[in-house]
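Student: As you go down the protein sequences, you meet chains B and U in turn. Each residue of the first sequence is one higher than the last, beginning at 1 in the numbering used here. Each residue of the second sequence is one higher than the last, beginning at 406 in the numbering used here.
Calculated directly from the structure, the hints in this document are not laboratory data. Built from N, CA and C at the ideal position, the CB exists for glycine as well. Mixed in with the good hints, there may be bad ones.
[Unchecked claim] Computed beta-carbon distance windows for the label pairs:
| id | chain 1 | residue 1 | chain 2 | residue 2 | range |
| --- | --- | --- | --- | --- | --- |
| 1 | B | I12 | U | K521 | 15 to 25 Å |
| 2 | U | V424 | B | L292 | 48 to 58 Å |
| 3 | U | D579 | B | F11 | 35 to 45 Å |
[To be verified] If the Cβ cut is set under 10 Å, some of the chain U residues that face chain B in the computed set are:
| id | residue |
| --- | --- |
| 4 | T423 |
| 5 | K427 |
| 6 | A483 |
| 7 | F494 |
| 8 | P512 |
| 9 | N532 |
| 10 | N632 |
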Amino acid sequence: MKFKDLFSEIFISLLANKVRSGLTILGIVIGIASVIAMVSIGQGASNQITKSIEGLGSNLLNIIPGTLRPGVGIVSSGRGSAQTLKNDDVEVIEKIDGVYRVSPEVSRRFQIIGINGKNTNSTVFGVTENYPIVRNLNISSGVFISESQNRSLARVAVLGPQAAYDLFGDEDPIGKVIKINKINFLVIGVAAPRGSVGFVNYDDIIYVPLLTMQKVLAGIDYLTVMAVKVESKDLINQVRDDIIYNLSIKHRVDPQNPDFTIASQEDILGTLNQVIATFTIFLASIAGISLLVGGIGIMNMMLTSVTERTREIGLRKAIGAKERDISLQFLAESVVLTLIGGIIGIILGSLIAISISYFAGISTSVSLFSIILAFGVSTIIGIIFGYYPARRASKLNPIEALRYE
Amino acid sequence: MIELKNIWKIYKNDDLETVALKNISLEIKEGEFVAIMGPSGSGKSTLMHILGCLDTPTSGKYFLDGEDISKMNDDELAEIRNKKIGFVFQSFNLLPKTNVLRNVELPLVYAGISPKKRQERAKEALNLAAFPNKFWYHFSNQLSGGMMQRVAIARALVNDPKIILADEPTGNLDTKTGEIVLETFQNLHDKHGRTIILITHEPYIAEYAQRIIKIKDGELIDDFKNNNRRIINNK
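In isolation and in its complexed conformation, chain B is listed as follows (with noise of 0.2 Å):
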């Protein structure tokens, strides 16, 4: 038997049994929709995260005061509760071969008032000059703190976009005064806009001068964390090991045991990505049981089909079948069948993750992996639940199913 008449064959009996052959096609599709649903969405937030993580700067050591508890993590640290951290900590640091810049950051929530009454809850970092240089930030409007205005105690502010829009509307911040914790600070400057990564809104922050942070807002001699930019990517395990051995002799503590933290933005974003490739495998495992459902499926419907076309079977073998063409028919068969479902399962499930990302605001990512993964995973399908049934067909003895009743 030659292929092409195979195929013809195919279609002739899958149509003959319209409503049969599309519900077993629809156990197919929905199997497969979910799996590209479910992947594209993690696929889509662990991308997210990359980028925006990314955004925050590069080559970063980030040394956070006191010690991670294993098994916590970095998200659930609670930073900036040890005290550890000095300001001239950061002298030791610049000292070191491979360190491009240091940001000695200090952050604490504050009430600020702006105009007419406008107030919000936001986040103030006390930063110095290097904060934009190594943190990535940019600036839309103005300028950003100096280090004279660090030195001086300036009573001037940077406000993120969020923040400004938060205290100012519409209307031109710069030159305008707002008031933190009821002092008055000159706003100089709006940062450009940076979005959020998980619960951080780094957007709706504003930025004052370190010192001024510290002993006029907060009374603290100490800070919350330091970013360290290296120089670059090669050096980075080396200038961690530097800054723990300098560090700890400077904090007189056992460096195998110091009373920081060094986190790479590789170890936070390895951590996140963890994170959300076991919540994806555990979506895409949920939606792998409704693909073997779909599975078990075919197999049904094609023993069923079996039993129902014995006598078929009979025929064709009485006037001149092979067991080959018998088996390849009903094999054939269902992998058409798990195909199609593949293929409108793959326009389905794209059409939920874009429709996810469109509504939802959820950013999904349909990737071409997950669509030749979805394709192969349904022809495998067909063949290994179209096997039996279709070799119990090529098996049957033409006689008996020619008396088949």
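Fit chain U to the supplied structure of chain B, relying on the hints for placement.
Tutor: This is chain U only, laid out in the frame that chain B set:
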């Protein structure tokens, strides 16, 4: 052309042995119209299965067109059936929801013949079976019994077989339609020189044949030339 030598067929079911055919030897020449007759359970179906290469004998030899069939495997038998035998069954066994032409083409599909040639030959066979061409594109399940059986006869003819095996071809038809079918067979034999083997349990149907072979309890009990042959002549 057909030569059976000491054919035995024994079915084994656990400890029970059933002898279906006992030492049958016979010869059928090309161009004969033979009726194999016997009551149900006589072994005529078993004999038909062996003649039709659907089954192989337990012992003995079967030569079809000079080839020994008795030791062939399933796929070799399938090929012999495809090339040398045309079947007509009691219950027609057409593919439902498939048009007449496609039904007739089916043996040629398995023979790997090109679509264009298949169409030509299917139409020829339908004409030979006196099937009216206005129904060529109807679904087989929309036809009457007599028409269905003519489609089945056309299907049996399409691969230009050495023998046509008809197993109770009028069993599901009323007398009048049955006669039309039998007339078709007679025509094929008398005018086109086809070899036809008709299996039946009804003596009156066997009388349409040239030669009658009777079997009973798996044994050949009679084999004679039919001198009182019924001839249908409607024209």
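Student: Now tell me if each hint is right for this structure.
Tutor: Hints versus structure:
no.: 1; hint: B/I12 to U/K521: 15 to 25 Å; in the structure: 19 Å, holds
no.: 2; hint: U/V424 to B/L292: 48 to 58 Å; in the structure: 51 Å, holds
no.: 3; hint: U/D579 to B/F11: 35 to 45 Å; in the structure: 36 Å, holds
no.: 4; hint: T423; in the structure: 15 Å, violated
no.: 5; hint: K427; in the structure: 20 Å, violated
no.: 6; hint: A483; in the structure: 5 Å, holds
no.: 7; hint: F494; in the structure: 7 Å, holds
no.: 8; hint: P512; in the structure: 4 Å, holds
no.: 9; hint: N532; in the structure: 20 Å, violated
no.: 10; hint: N632; in the structure: 34 Å, violated
Consistency with the previously given hints fails for numbers 4, 5, 9 and 10, ordered from lowest to highest.
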